[in-house]
Amino acid sequence: MQTEGSGIQLTDAARGFLKALASDTRQQILFLFEGGVELTVSQVAERLSLAQSATSTHLATLRDGGVLTSRREWKTVYYRANPDGARRALADLQAALAACCPPGDTPSVGGCG
Numbered sequence: 001m002q003t004e005g006s007g008i009q010l011t012d013a014a015r016g017f018l019k020a021l022a023s024d025t026r027q028q029i030l031f032l033f034e035g036g037v038e039l040t041v042s043q044v045a046e047r048l049s050l051a052q053s054a055t056s057t058h059l060a061t062l063r064d065g066g067v068l069t070s071r072r073e074w075k076t077v078y079y080r081a082n083p084d085g086a087r088r089a090l091a092d093l094q095a096a097l098a099a100c101c102p103p104g105d106t107p108s109v110g111g112c113g
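Position one of the sequence shown corresponds to residue 1 (this note's numbering), numbered consecutively onward.
By construction, these hints were calculated from the structure, which means they are not laboratory data. Just so it is clear, CB atoms sit at the ideal spot from N, CA and C, and this is done for glycine as well. Honestly, I wouldn't trust all of these hints.
Said to hold, decoys possible - Restraint-style ranges between C-beta atoms, simulated for each label pair:
#, residue 1, residue 2, range
1, 69, 15, 17 to 25 Å
2, 78, 27, 18 to 26 Å
3, 71, 104, 41 to 49 Å
4, 95, 71, 29 to 37 Å
5, 83, 53, 25 to 33 Å
Start from the sequences, fold in the hints, and give me the full structure.
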């Protein structure tokens, strides 16, 4: 995404990352994967008392945002944290913010301040 009148761009990875973490529920889901644990949709749904369909949608958003990764074993899908994807998205976001609001810059009208 490019803002009008500027060359600042937010990458798809950064946008997906922000969308993935924009929900309190998705943040709670992400914390279940601490320590590299793998979980299925059913396990996540049970631990957070969520409907399986809602859980599946949240997990897909987290995976699409690069925060989680998944693997299929027969009919079961296992999800786990994707630290490399999160680091890439954070680096992209940091670069966009540095272009928008360089450290030590004074806020301007319409800027990041």
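Exercise. What hint numbers does the structure not satisfy?
Worked result: none
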